[in-house]
Amino acid sequence: MNTTADPRSRVTGVVLAGGRGLRMGGVDKGLIEIGGRALVEAPLDALRPQVGRLIVSANRNTARYAAFGVHVVADLQPDYAGPLAGLAAAAQAATTEWLVSAPCDTRTLPTDLVARLVLAAERFGVDAAYACDADGPQYVVCALRTSLAGALARAAASSRRALRDFLHAQRAVAVHFCDWRCANLNTPEALTC
1 MNTTADPRSR VTGVVLAGGR GLRMGGVDKG LIEIGGRALV EAPLDALRPQ VGRLIVSANR
61 NTARYAAFGV HVVADLQPDY AGPLAGLAAA AQAATTEWLV SAPCDTRTLP TDLVARLVLA
121 AERFGVDAAY ACDADGPQYV VCALRTSLAG ALARAAASSR RALRDFLHAQ RAVAVHFCDW
181 RCANLNTPEA LTC
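Residue 1 is where the sequence shown starts when you use full-length UniProt numbering, and the numbers rise one by one after that.
Derived by calculation from the structure, the hints in this document are not laboratory data. Please read these numbers as outputs of a predicted model, since none were measured by experiment. Glycine is no exception: its CB is placed at the ideal position from the N, C-alpha and C atoms. There could be a bad hint or two in this list.
To be verified - Now the in silico label distances, taken between C-beta atoms and shown as ranges: (1) Ala-134 to Arg-164: 15 to 25 Å; (2) Thr-111 to Ala-157: 32 to 42 Å; (3) Arg-37 to Val-126: 27 to 37 Å; (4) Asp-112 to Asp-135: 15 to 25 Å; (5) Asp-6 to Gly-125: 15 to 25 Å; (6) Gly-36 to Asp-165: 35 to 45 Å; (7) Asp-179 to Thr-62: 32 to 42 Å; (8) Cys-178 to Arg-48: 22 to 32 Å.
Could you build the full structure based on these sequences and the hints that come with them?
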């Protein structure tokens, strides 16, 4: 295990904002504003103190995402291949040992999310861990070793693009967060709640 004075320097955070936003009528979900702030800002703010570097995975409006002071990467596949493609691009761009991800529409994240995910994976000697809340597994909220970049790219290019399947193939550890609920905002109705 690589230890440094600041463990955050071992981790890159990535906010996944590369989807088509079909359930939102095709708009770029991460840039939808609530209370004068883009949805992507909440997970960026939550990850910022927990990681050494931040990336946004986005397939459009890259200049607007870059304005949040983060590096922006696009999917390696041009067909919106889902979270695996965004994770593959981020893992390839990261210069750290670990990558921890969150979707752009997650309003809150635990303050110890990164530390607990990475520690659990290292404790069990595996390359991945994912968060569970009261509703069950939240696979997109996960930690992955960046050495999995090639495997992520191959999985994203395959016909089976389920992040859940990829994580299970890595023997990923489930980490339970009892006082947190992921509560993604996937529909226009969810924005009004």
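**Item:** Structure versus earlier hints, numbers of those that do not hold, lowest first
**Value:** none
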